[in-house]
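Protein chains: 2
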Amino acid sequence: MSVTAAKGFEAAGVATGLKSTGALDVAMVVNRGPLRSAAAVFTSNRAKANPILWSQQAVRDGVADVVVLNSGGANCFTGSFGFQTTHLTAERAAELLGLAAGDVLVCSTGLIGTGDETFRQRVLSGVELAAAALSTTGGSDASRAIMTTDSHPKEASISRDGWTIGGMAKGAGMLAPGLATMLVVLTTDAVLSASELDRALRASTRVTFDRLDSDGCMSTNDQVTLLASGASGVAPEPAAFAAALAELCQDLALQLQGDAEGASHNIAIEVVGAASEYDAVTVGRSVARNNLFKAAVFGNDPNWGRVLAAIGTTDAQFDPYDVDVSMNGVRVCTAGGPDRPSDEVDLTPRATHVLIDLRSGNHEATILTNDLTHDYVHENSAYSS
Amino acid sequence: MSVTAAKGFEAAGVATGLKSTGALDVAMVVNRGPLRSAAAVFTSNRAKANPILWSQQAVRDGVADVVVLNSGGANCFTGSFGFQTTHLTAERAAELLGLAAGDVLVCSTGLIGTGDETFRQRVLSGVELAAAALSTTGGSDASRAIMTTDSHPKEASISRDGWTIGGMAKGAGMLAPGLATMLVVLTTDAVLSASELDRALRASTRVTFDRLDSDGCMSTNDQVTLLASGASGVAPEPAAFAAALAELCQDLALQLQGDAEGASHNIAIEVVGAASEYDAVTVGRSVARNNLFKAAVFGNDPNWGRVLAAIGTTDAQFDPYDVDVSMNGVRVCTAGGPDRPSDEVDLTPRATHVLIDLRSGNHEATILTNDLTHDYVHENSAYSS
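Sequence lines, in order, name chains A and B. Counting in our numbering, the final residue of the first sequence is number 385, and the numbers go up one at a time with none missing. Counting in our numbering, the final residue of the second sequence is number 385, and the numbers go up one at a time with none missing.
Nothing false has been slipped in among the hints.
Listed next, with one range per pair, are the computed distances between beta-carbon atoms:
#	chain 1	residue 1	chain 2	residue 2	range
1	A	A351	B	G62	46 to 56 Å
2	A	H152	B	A351	38 to 48 Å
3	B	D319	A	E247	33 to 43 Å
4	B	A335	A	G62	29 to 39 Å
Residues from chain B shown here face chain A by an in silico Cβ test under 8 Å; the list is partial:
#	residue
5	G113
6	W304
7	G312
8	H374
9	V377
10	N380
Since the hints were derived computationally from the structure, they do not count as laboratory data. The model shown is predicted, which means the values in this text are computed figures rather than measured ones. Backbone N, C-alpha and C fix where the C-beta goes; we use that ideal spot for every residue, glycine too.
The shape of chain A in the complex, shown without the other chains (with noise of 0.2 Å):
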């Protein structure tokens, strides 16, 4: 499990006391090598928090040692002072392992505008701390430090013939990304390139993490990091390899959408017919941000005019009186009028299935969201006060 379960890869989470609880709020992950391949999505929030602005300019070279990741402070909208907080961790880091700075990623997550000397100081005594307490079996740790709101640790791993990936996650508010998600930290001990890392990280992020849209609010601190190793001595097929990626991925956005801020509901929205991919996921997404549907949904309330309502303000093609909308298994509209009665509907189970048939093509996407609940409403009117 987690970020340890490849070979290669050591990991630490410690205490610094940026949680007022005492909980682990550090975490280091590094690649041992033999190789130091490194590929990385980030948010496309044009407001990006200095870790970011960080990271994007350490992973261009597709080298990379080590992540840092702290919780307790997004380090985002803090200015120069923040930037150089951020600065001053890779150093720090590359200092005690003997690397280059520029080979250190750092990720930040919680409230923005958090970045003072107080931080600064946690975070660079947590560098030290995690520094001394790497280990292979550290990854558990690692994966409990980066939690916020989350109520429990998000670990996966998965291996093929001789290769192994794992990965941890954290995330369960602003949970919308654009082209990354919340922190993911994902290694392989697989032989692989930069590039060839890259290009399977885009196409994994791409049909699971960019298909989670909780509750519309994208981070300005998501990104998604994948380290190999090389140490299994397996070069992949590329193809298998991706393919391995975007399980593993979709087994990580399952479980932030689990764990969604305040959620009763885990919301799949099949949309099926769509003249293309693209207005499968922009109907599908039109839905998934709708909150007069999210809110009937926490309601266990069928109320279909509400997707029917949702997707007609899209661009996609397709016919608003010729759509095909089924509720957990039963058909409540079909062709723009009501079919099977609404009380056939049992939404009381948390897996919840919208399937929407736009009867315009043959693409089809899955987007994963949550309902709105008074949960929800109350963790996110108390979050920094």
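Let chain A serve as the given structure and place chain B on it in line with the hints.
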């Protein structure tokens, strides 16, 4: 007040059982002339209710004598039976009043998918009752008959040099107009042609109703109708009429915002320093649709990081690291970093002002929205069941 404030108009509101409470549920507004000028704007949702499909055709010639409105059912996605119901409604009203069906506009509001035989019979009986009850003081009853989850009727009127504009509106949820919004009927006794009405109406709704975005959910039934009787005998300057109309529309928009489902804050998001008006609207709307920001305001939490995370998702022209944000008069963020401490901000008043200076030009716009509250979730999780 209301739609009977201007000379030449009669109205009525009657009860037919469409509302289980027995409250008023069918309204009628009649223009007795001498002019019969009309203009209307409609939802830009591609999923349009049957009354929208009918009224778009009926108003095309710039002439209309009557608007029939019902609550208790949206008559949307009710197929050809539903369209026929709308047609029969117009025919019945025309017959009773000695007019042509093509000069009767119809509006419906309520649950999508509602429009069966019982619905039809109640609406038709409502037309008969309303035609018999028409009076020059009937505006108040009419404004009550179009309420759904509204807690009180919305009426307004404005008088200038010998002429008057009156209006009524309903709307409390699914409140994010595209080209128009909700159900609104505006009446004037000024002497104006249909094309003059149309220009004034589009100019007014663009900067009033179109900038109200309570919950990001666009309705299938939005319609704003403006009728002119010419009964005052006064032909105002088009600019003076348009200015008065915009003032009246803003009055009604503020009434809608103030009664939005479950809201505890009326939030005005004022964007200044924008490179274009489009940019200002885009930036304001991105904040108005951000659930995390809206939940924070509910919790009286001046979480400005969520404002920046929201506007960073837009393509508007500005530097995310050179933006000022003030909340209720306190500048909490400047030039991409914290400014005054958040605890200086008092968000307890219902009226909330967020000022965003993009420092990129001299255009501006204000978007009106509401907070995301427990009551919003509650009302919308239990609406149809």
